[in-house]
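J.: Residue-level listing of the chains:
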Amino acid sequence: MGEEHKVVCICKDLQQLLEEQKNLSFEDFRFICDDFGYDTIPFILSTGKCQFEAFGWNNNGNFFTTNVFRLEAIDVRKCCATVSLLEPVDIDGYPVDLCDHVFSLRTTSNCLVIDLTCFKSIQPLSPRLVNRLLPIVEPK
Amino acid sequence: MNSIVFLGTNKTGSSYEGIKAAKRLGYETILLTNRTIFVEEREDYQEIDDVRILNMSDTDEILSAITDIIEEGKKIVCFISFLDEYIYLAALLTNSLCHTLLTLEPLELMTDKILTRRYLAGKDYNPFYQVLSSIENADNVMEELKDQFPLIIKSPQSNGSKDVILVENVWECMKGVKQLHRKNSKSKILVEEYLEGPQYLIEIVVYQSTIMVAAIVEQEVTKGERFIITGYSICPELHLEQLPGLKETVLSIIEDFQIRNGTCHLEMKLTNKGWKLIEINPRMAGGAMNRMIEEAFGYNLAEQTIRLFSGLEPDLRKKHNKAIYTHYLIVGTVGKLLKVSGCDSAKEQTGVLEVSMKAEYGQLVIPPRSMGQRYGYVIASADSKDRARECALNGAKQIQFYLQPV
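Chains as they are written, first to last, in the working numbering: chain A, 1 to 140; chain B, 1 to 406.
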């Protein structure tokens, strides 16, 4: 009974996250059509014992692992979600582990369908991290 | 214990090195300042024995603080300032309350660039100039100047290349005049001929009418939106006599100002019309200059200035002769500073003596419009001028600024 309650919670939470994410990018707004640069609430999923990690290929074709995702779609009835992988990079644009000087989270086209009943918690991160422009380096 | 009272200081550079030197010479150092950082971060400024925070733009408040110091029984040997705005007052106080007799009159002239130009009017080394007394008569002056471009326009109180603008035509000139006028509508504007040629900074100490050259420093100017000096070179083989005509010009400038006891630095340019005085300031140059001179010749000019102000003879005997080059770091883009990399690697390069970084993380950095917008420097030494420059530039090459666009 308790387990079921948690599953519903994660599902509901992600549903709300998706809604807020849409609001963040002003999707379906009638009077705002500007792009303010934020359209993702990145998040980490955890089973309670460990963080969920996945691997993929970045836009340059290089392999990377990550535990940060973007929610693309959710099926509440089946309690599963489609997520895309976000690649953590440092201030120079090189791939890094999440706990190691992450400067930006790059969006990728790698998608996964996950069963939300496996997870117990969500940790949202700042939307500002997603596709954050790398700094200008002087002198070049 | 004898005390020296400092009127203002910067956190680093020549002015703070003056305080360090006074402490080293065994004086109690008293600082009058409006910058609370010297109290808040007291442990970082251990060479200052006594800090008094006051409104430095109020002379009465300064005088009242000095009265308090005297009433406390402190024996003041001299008052000194390495900052333009207080140099005259410090010298005036020294002459009035202490035993040293500094040359006072030129100090007031030198702090105003229009007064300096007018005082030197007719001298060969004084460039062509005009004074724009109000924006209303700008059109008439422009008519007179229309064949003289390019010109330099500046505010008479400008220092560190602040508010010094190169203008190529009447339109640019009017734009620059309006820009300066917006900053200070009451101030007159100085218009000078634009001079091209190698530029030298000459550090002078005059003790009992004896003129001593503490250093000749060749300057490398970077011309962007403003004139910014990004390189300073001390060459041990370079003497005043080797630059024909410079010695005579410098001596006649000091003579024309009738400096008997004091220090100053001149910026001179060798043009096709001979040596021209770009600027004269009644103090040693700021920033890394003191360190450069000490590394080159073994004497500390800030310390020798303290000796002069306390009535002692400055000692400018060279202990060694090294070529020194200082390269200043600037940026070409506006941005928020996220990170500076390569400082440690720069320090490890051959010949590099010091790497100093002024910019703080999170600070907005911009392409320089004044010398204050240089964000660090690398000092290097070697046995020749070219080699020292190469070492400094090699050190600077290791350093990178990471800027978040704004």
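You may find that some hints are simply not true.
[What the hints assert, rightly or not] Beyond 10 Å from chain B on every Cβ pair, some chain A residues (computed):
no.: 1; residue: Phe52
no.: 2; residue: Trp57
no.: 3; residue: Phe63
no.: 4; residue: Lys120
no.: 5; residue: Leu125
no.: 6; residue: Asn131
no.: 7; residue: Glu138
[Claimed, not checked] Listed next, with one range per pair, are the computed distances between beta-carbon atoms:
no.: 8; chain 1: B; residue 1: Glu40; chain 2: A; residue 2: Asn23; range: 41 to 47 Å
no.: 9; chain 1: A; residue 1: Tyr94; chain 2: B; residue 2: Glu40; range: 35 to 41 Å
no.: 10; chain 1: A; residue 1: Asp90; chain 2: B; residue 2: Phe128; range: 51 to 57 Å
[What the hints assert, rightly or not] Here are the computed lysine to aspartate or glutamate pairs in the EDC-like style, where the Cα-Cα straight-line distance is at most 20 Å:
no.: 11; chain 1: B; residue 1: Lys223; chain 2: B; residue 2: Glu279
no.: 12; chain 1: A; residue 1: Lys22; chain 2: A; residue 2: Asp75
no.: 13; chain 1: B; residue 1: Lys247; chain 2: B; residue 2: Glu144
no.: 14; chain 1: B; residue 1: Lys162; chain 2: B; residue 2: Asp112
no.: 15; chain 1: B; residue 1: Lys188; chain 2: B; residue 2: Asp124
no.: 16; chain 1: B; residue 1: Lys339; chain 2: A; residue 2: Asp90
no.: 17; chain 1: B; residue 1: Lys339; chain 2: A; residue 2: Asp75
no.: 18; chain 1: B; residue 1: Lys178; chain 2: B; residue 2: Asp124
no.: 19; chain 1: B; residue 1: Lys74; chain 2: B; residue 2: Glu61
no.: 20; chain 1: B; residue 1: Lys273; chain 2: B; residue 2: Glu237
no.: 21; chain 1: B; residue 1: Lys336; chain 2: A; residue 2: Asp92
no.: 22; chain 1: B; residue 1: Lys397; chain 2: A; residue 2: Asp100
no.: 23; chain 1: B; residue 1: Lys11; chain 2: B; residue 2: Glu28
no.: 24; chain 1: B; residue 1: Lys11; chain 2: A; residue 2: Asp75
no.: 25; chain 1: B; residue 1: Lys162; chain 2: B; residue 2: Asp84
no.: 26; chain 1: B; residue 1: Lys178; chain 2: B; residue 2: Glu225
no.: 27; chain 1: B; residue 1: Lys75; chain 2: B; residue 2: Asp112
no.: 28; chain 1: B; residue 1: Lys336; chain 2: A; residue 2: Asp90
no.: 29; chain 1: B; residue 1: Lys273; chain 2: B; residue 2: Glu390
no.: 30; chain 1: B; residue 1: Lys20; chain 2: B; residue 2: Glu41
no.: 31; chain 1: B; residue 1: Lys175; chain 2: B; residue 2: Glu143
no.: 32; chain 1: A; residue 1: Lys140; chain 2: B; residue 2: Glu390
no.: 33; chain 1: B; residue 1: Lys20; chain 2: B; residue 2: Glu354
no.: 34; chain 1: A; residue 1: Lys140; chain 2: B; residue 2: Asp344
Since the hints were derived computationally from the structure, they do not count as laboratory data.
Here the structure is a predicted model, which means the values were calculated and not measured.
Virtual Cβ for every residue (Gly too), placed ideally from N, Cα, C.
J.: Can you name, in rising order, the numbers of the hints this structure does not satisfy?
T.: 7, 13, 15, 17, 18, 20, 22, 24, 27, 29
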